[in-house]
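**Student:** Chains R and Y, in that order, are what the protein sequence lines are.
Numbering-wise (the working numbering), the first sequence opens with residue 1 and increments by one.
Numbering-wise (the working numbering), the second sequence opens with residue 1 and increments by one.
Hints may be right or wrong, so weigh each one.
Coverage of chain Y stretches by chain R, computed from C-beta distances (three or more under 8 Å per stretch; other residues unrestricted) [unchecked claim]:
#1 158-169
#2 262-268
#3 282-289
#4 319-327
#5 393-406
#6 453-461
#7 518-532
Residues of chain R placed beyond 12 Å of chain Y at every Cβ, according to the derived structure [stated by the list, open to error]:
#8 317
#9 374
#10 486
So these bits of chain Y aren't anywhere near chain R, every CB distance computed over 10 Å [what the hints assert, rightly or not]:
#11 18
#12 24
#13 62
#14 76
#15 92
#16 124
#17 137
#18 182
#19 362
#20 422
#21 501
#22 502
#23 549
#24 607
#25 686
For the record, the hints were derived by calculation from the structure and aren't laboratory data.
Ideal placement from N, C-alpha and C gives every residue a C-beta, glycine not left out.
Protein chains: 2
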Amino acid sequence: MSMPAAGDALPPPRIDAARILAPRSVALIGASEDIGKFGGRILHNVLRHGFAGALLPINPNRRTVLGVPAYADIAAAPGPVDLAVIAVPAAQLAATVTACAQAGVGACVVITAQTAEFDAAGERLQREIVDIARRHGMRLVGPNCMGMISPVAGLGLTSSLTLQHVPRLIPGRVGLVSQSGALMATLFMLAHDHGGGFSRMVSVGNQADLELCDFFEALIADDRTAVICLYVEGIRDGRRFVRACARAADGGKPVLAVKAGRSDHGARAAASHTASMAGSYGDFAAACRAAGVVLMDEPEAMALVATAYDRIGDIGAGAIGMIVSSGGGGAVTADRLALADLPLAAYTEPTRAALSRHFLERHINNPVDLGSHKGVLALDVFVETIDAIVRAPEVAVVFYILTAQPLMRETAAALVDAWRTSRKPFVVVLDAGSFGDAVRDLFIDAGMPFLTRIDDGLRALALLFERRRLRAVAQRPAATRPAHASPLAAERLAALPSGRLTEPEAKALLRAYGIATPREVIADSAAAAARAAVAIGFPVVLKGLVRRIVHKSDAGLVRLGLSDAEAVRQAYAGVTAALTLAAEPAPESVSVQETACGSVELIVGARWTEYGPQVMAGFGGTLVELLRDVGFASAPVSRAAARELLAGLRLAPLFDGVRGRDRADIEAAADVIERVSWLAVDLGRQLVELDINPLIVGPRDAVAADARATLG
Amino acid sequence: MSMPAAGDALPPPRIDAARILAPRSVALIGASEDIGKFGGRILHNVLRHGFAGALLPINPNRRTVLGVPAYADIAAAPGPVDLAVIAVPAAQLAATVTACAQAGVGACVVITAQTAEFDAAGERLQREIVDIARRHGMRLVGPNCMGMISPVAGLGLTSSLTLQHVPRLIPGRVGLVSQSGALMATLFMLAHDHGGGFSRMVSVGNQADLELCDFFEALIADDRTAVICLYVEGIRDGRRFVRACARAADGGKPVLAVKAGRSDHGARAAASHTASMAGSYGDFAAACRAAGVVLMDEPEAMALVATAYDRIGDIGAGAIGMIVSSGGGGAVTADRLALADLPLAAYTEPTRAALSRHFLERHINNPVDLGSHKGVLALDVFVETIDAIVRAPEVAVVFYILTAQPLMRETAAALVDAWRTSRKPFVVVLDAGSFGDAVRDLFIDAGMPFLTRIDDGLRALALLFERRRLRAVAQRPAATRPAHASPLAAERLAALPSGRLTEPEAKALLRAYGIATPREVIADSAAAAARAAVAIGFPVVLKGLVRRIVHKSDAGLVRLGLSDAEAVRQAYAGVTAALTLAAEPAPESVSVQETACGSVELIVGARWTEYGPQVMAGFGGTLVELLRDVGFASAPVSRAAARELLAGLRLAPLFDGVRGRDRADIEAAADVIERVSWLAVDLGRQLVELDINPLIVGPRDAVAADARATLG
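Looking at chain R on its own, in the form it has when it is part of the complex (with noise of 0.2 Å):
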């Protein structure tokens, strides 16, 4: 096979994502008989789990490796070959790459490490095998990856040890991508304590070629995947992966993600870890949340919960049933789930007089407390107790924690009994230690879920829920541009100034969206700012626009309140002096603008993302930073999801007016946040950043009282 020569076109690439997560052929760069060996290891772990492909030992030494034929080198094996698995030193790496690329490897899984992320060589040589790769069409995975696990396959492609331990690869379907190997493997292990199998998890290293997205768009268009999993340490195309997120929503593949970074030092390790720049976590949690991605805290539980929510399945309506066998912790566990705002039912007559069978009146809470029960201690009594709150139609999930007890198998196979013939959603916490092991192997072969920690039922009920609330937001119209919004003309748009807009600008685009804005008059001498008042009416604000200072109050250039004309004509004074003193006086730079009227004060703003165009509403005005009380989604925003988000904000309650405050509109707010988010989409790259701020909400309106604007 003949070297393109630089200059010609890229030829198209040989293989994708989807065949190289179900790779026909896989090629092992130095396998090895020795498991102390990288290559040894990952001929050990793809023996041992039974993968029906064709699987290529390169060994220049053997006939055979562990009776598997073995070939000199990559020329000399069979094609074609899909995959070629390199665990070589960094020396040899690019020899290596050369070879399986002209020998037609359709893409190599680089486990070698110390390139990109270790120190400038590194980086040199990560360069040079992707160009190596792009020149001949094949594909690279890594480098610095750990290969990947399809259980659906039979495929163990990776040094983890962990694939020794367990006897087989248990097939389920949740997909995982994952920009750290060491935590794929971990991910794998602790599923596989609970049950936990998955489709294929594939780690990708640094991403010199392939990255998160290819494969995450692999596992949305996969049939053996139902439940995606994403490990983020930082995202190469903001806008590709929430395409992809739209896709996987359409497709009704819920998607879980934790990223790092969040923390400087989380961003410093991860940037070590892969090379990745984490980007903004805030940024990513809005794309997340608008995307219908679930965020969560941790690896290890985002992968128990997602095993397990792949065999729980979807909840209906309704509220959680629980039940346990030690009233203490059921009691300290209802206050989490309150806490945790995770709704338990009100049990209704038909249920109460189930419960009535084995329960006192006063002992029929939720939790029901299976120690409390009436007459004596039988089977029957859990059995019984289990059926009444499956049978509950105000029950969406049953969520029972197990602990030692007296018939506790007895009791976990009427529990399995129950979930396989109910079909309803079971959350089930077996916290007992290893007095519950034999439990434990009950459920797994009865492809029970469970998990070992409630801190880890409780997050599966977070799922359940907000997988609820996406389903039924994703059942919204799509936010559609209002009335009085067009896009802005291409030549208009042209015409913006780059850079910081003045007030009177911003505001002329905030109009140019149908956004209220205080009647305004530019003065030039104290007489034409005391006129342009009385026309106006008292009180009136005078401003001092200064382009390049952004608080004006903390300059002296607003002047609130002036009740008469003298008070003009003096603030007047005080304004042009603030001016000059701020070394920008202009002819045209003193504003009379009307006294906007309301009850409350919100900041509506918006930004350019990696991940597209974000806007973010909130109380506090000045004092936005200290309050808190802000929230955040990407644009467009329907009216409907505007006004959710003002009314997930603290201080909502404003709206409805409280110790005799007057109400203000949350309709006309969630309006200019609507408005907004449509300049935002239009404005597109080009907005740097746009706030309103304040936003003075009154009874029937909502008028932006100033606005600054940044376009690139």
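Dock chain Y against the given chain R, drawing on the hints supplied.
**Tutor:** Then chain Y, alone, in the frame of chain R:
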């Protein structure tokens, strides 16, 4: 032994809680060989774990039970019998307790349930056995308890099957008092799986006689117990609890607690579980904070973390040094530490130099990711990295997350060595699922503390830093009464009206404690009001004073910002009209007040709670419920503690002045809190509640602009 007649003075108790926890002799009523029966399980458990005292099975039909000489009834057993364990049906309970009382038994441990927590008959039965016991000086544990587990005495005096599962009771220095018996067994089991041991665990059930505080106090005095865990459903005597906490703090014994009843569902569950009234969770939490008790969210986590802490020990100066074998997991965990305000150390030059042997400059992060080492992986990478972090003086505690990795056992052994030789506190999380079983055994054999979930690792770190903070707080001088805040003379206290005070009455109380209030004149005519306003200085405030109206503004009884005599006269007319509407016009019911000026409005309050007097302070004025930016403390508070309470509020930066606002004097505000706390101490149970709202804080003072109080 004769029955004392009713009306006789009760005899002194035969035995105390300390002796009950360390009995010399135990009689088992209904001892049986059948492990399916309560009496059988308890006997099996006691025999299995090598109790050194006298074991006395009571069985009318057997000469020996499981080879132990048996007695036909309790009267036949050789005394003195410290404990008799009773698990008979409720119908036989009274007779059995009577027999024990007559036989001179020190205390009965009553496992029998269906007593007060069950129904009215059960309540009567419980009262009956208490009467029997009290008449004889016999004590009761329970009823509705699960007995106790005392590893330091080899005594497994409970029916829990978990004691048949474990080969031995691991002795430790953690004592537990639990209002839930099943929970005691769960906690025992989980800690055991992690090599965690206890000194003594006792379940107190319905607390008919001996209650949680009896055993809490016994553990404080117990020289085998160094750390105390409490599972609380309801506290019988809050003042006694607070005193015990203080004694534990004086004795240097950390106390950890979990309490049920934070939510309605949890409170109902607790009530039906052990007939406990949950009380206010907030009051309990504030009392714990004041008493240095660490309140945790989950009993399971409390047991795991406490038994690890028992071996980890307290931390000194410095922050966290984190080592991980999974870079991805490390990054996310670093984020979680930051979110929880748990500080990661910034490495000093000597530490960086030591790490540079195995790591490039860019990979010397905190966490150190062992996977990013340079050169070839060998054990010395692990050993020398651990050594570098252990030696770092900036590291108070090593946080090691051990995931599946090469050389895992060797690394674990190195960890144990480093922990043993360095005496540095280590928090180790073995995050490898069943792949880590061999390491788990190694840790347990070595007595090395470890946890298995990062959630618990974070909780352990939080405990270590909280304990360090509490030790620092304990060093501070106690709260002392400030000048001009003399206790109210007894006659003056007696002269205070009960029920709701008027604003002037409440303010007089505040002034008696040196708290400033605005100048104020009572006016009986519009003209008098205007004259008063001139004397006070404009602008003034006019208020109609009505004893039974709490929210004066809502009733139109407050007029603010009156800037001339005419405005005052008009306001007087308006307020008197509103007073007429409020049906309480009184001759001296209009107050003319100075307008207090300041930049911050606080609310400061005080209340009598079951744990004693409590103060509250927060931002918000009328928005206090919405802002939820409030802190609580037990009274009295020192100036320093009051300042800390304020500094911990979300809006605390307002004291420094933000965005052009004036600064506000945090010292003056802290002074008011301190004075209110002494007022609360002096009023004691007489104080139902008192609020200053708003307390107006200016650059140099704090003025109680309005106040209300209710006395009992």
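**Student:** Is the coverage entry for the stretch 282-289 of chain Y by chain R consistent with the three-residue Cβ rule at 8 Å?
**Tutor:** violated (count 0)
**Student:** The output says residue 501 (chain Y) does not contact chain R. Does that hold with a beta carbon cutoff of 10 Å?
**Tutor:** holds, 21 Å
**Student:** Does the claim that residue 686 (chain Y) lies off the interface hold, with its Cβ farther than 10 Å from every Cβ of chain R?
**Tutor:** Holds: least Cβ distance 29 Å, greater than 10 Å.
**Student:** With 10 Å as the threshold, tell me whether residue 182 (chain Y) passes as away from chain R on beta-carbon distances.
**Tutor:** violated, 4 Å
**Student:** Has the stretch 319-327 of chain Y got at least three residues whose CB is nearer than 8 Å to a CB belonging to chain R?
**Tutor:** Coverage by chain R holds here, the residue count being 3 at a Cβ distance below 8 Å.
**Student:** Could you check that no beta carbon of chain R comes within 10 Å of the beta carbon of residue 137 (chain Y)?
**Tutor:** holds, 30 Å
**Student:** Regarding the assertion that residue 549 (chain Y) does not contact chain R, is the least Cβ-Cβ distance greater than 10 Å?
**Tutor:** Non-interface label stands for residue 549 (chain Y): nearest chain R Cβ at 13 Å, farther than 10 Å.
**Student:** Would you say residue 502 (chain Y) is clear of chain R, with no C-beta pair closer than or equal to 10 Å?
**Tutor:** At roughly 21 Å from the nearest Cβ of chain R, residue 502 (chain Y) sits farther out than 10 Å, so the non-interface label holds.
**Student:** Taking 12 Å as the cut and beta carbons as the points, is residue 374 (chain R) off the interface with chain Y?
**Tutor:** Its Cβ does come within 12 Å of chain Y, the nearest being 7 Å, so this is violated.
**Student:** Please verify that the nearest CB of chain Y lies beyond 12 Å from residue 486 (chain R)'s CB.
**Tutor:** holds, 36 Å
**Student:** Please verify the coverage claim for the stretch 453-461 of chain Y: does it have three or more residues whose C-beta sits within 8 Å of some C-beta in chain R?
**Tutor:** holds (count 3)
**Student:** Does residue 24 (chain Y) sit more than 10 Å from chain R, CB to CB?
**Tutor:** Since the minimum Cβ distance to chain R is about 29 Å, residue 24 (chain Y) lies beyond 10 Å and the statement holds.
Of the numbered hints listed earlier, those contradicted by the structure are 3, 7, 9, 18, 19.
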